[in-house]
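All chains, please: the whole structure from these sequences, using the hints.
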Amino acid sequence: DSMATMTSSRASGKPLPTDAAAASRGGQKPMPTAQELGINFALVGTSCTAAQFTVHWTQTSMVRQQLAAMQGGERLGFLQQTSSIFRDEGVRGLYRGFSAAALREMSYSSL
1 DSMATMTSSR ASGKPLPTDA AAASRGGQKP MPTAQELGIN FALVGTSCTA
51 AQFTVHWTQT SMVRQQLAAM QGGERLGFLQ QTSSIFRDEG VRGLYRGFSA
101 AALREMSYSS L
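Per the numbering used here, the sequence shown starts with residue 1, numbered consecutively.
These are calculated hints, taken from the structure and not from any lab test.
Even glycine gets a Cβ: it sits at the ideal position worked out from N, Cα and C.
Incorrect hints may have been included.
As the list claims (entries may be wrong) - Using C-beta positions, here's what the derived DEER-type ranges look like: (1) L79 - T33: 44 to 52 Å; (2) L79 - P32: 44 to 52 Å; (3) Y95 - P32: 29 to 37 Å; (4) T46 - G90: 22 to 30 Å; (5) S84 - M31: 23 to 31 Å; (6) S83 - P30: 51 to 59 Å; (7) A68 - P32: 44 to 52 Å; (8) R75 - A50: 29 to 37 Å; (9) S109 - Q35: 31 to 39 Å.
Okay, here's the thing in structure tokens:
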């Protein structure tokens, strides 16, 4: 009895046959089903979109700061810029462009 073809059960001491297919794959796990892959892609895309949602308002503020600097406008600090956007445009202003960011995350982050 070689270890490559048989292992023993600790409880009974009787030899148990090994999974020949797993042994031929070098002990790798079997390929996931199409349903498992679909669920994994959906979960990854959703989690990345949730992460994007938490930071999007900060990116909006940073982009506005960069645009103001390029156009020679008034330079505001991060908190001042965020407050200005919130005061002038509300929460929707802070999340302007989120739909595009969400589509980006759902499409390529899940791959």
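Right, here's what the structure says about each hint:
Against the hinted window of 44 to 52 Å, the Cβ-Cβ separation of L79 and T33 comes to about 49 Å, which satisfies the hint. In this structure the hint that L79 and P32 lie 44 to 52 Å apart at CB holds, the actual value being about 46 Å. Under the hint 29 to 37 Å, the C-beta atoms of Y95 and P32, about 35 Å apart, fit the expected range. The hint said 22 to 30 Å for the Cβ distance between T46 and G90, and at roughly 26 Å that hint holds.
Checking the proposed 23 to 31 Å range against S84 and M31 shows it is violated: the Cβ atoms sit about 53 Å from each other. Between S83 and P30 the Cβ separation comes to about 54 Å, which falls inside the hinted range of 51 to 59 Å. One distance hint, 44 to 52 Å for the beta-carbon pair A68 and P32, holds here, with the actual separation near 48 Å. The hinted range of 29 to 37 Å is satisfied by R75 and A50, whose Cβ atoms lie roughly 32 Å apart.
Distance hint for S109 and Q35: a CB-CB separation of about 20 Å, inconsistent with the stated range 31 to 39 Å.
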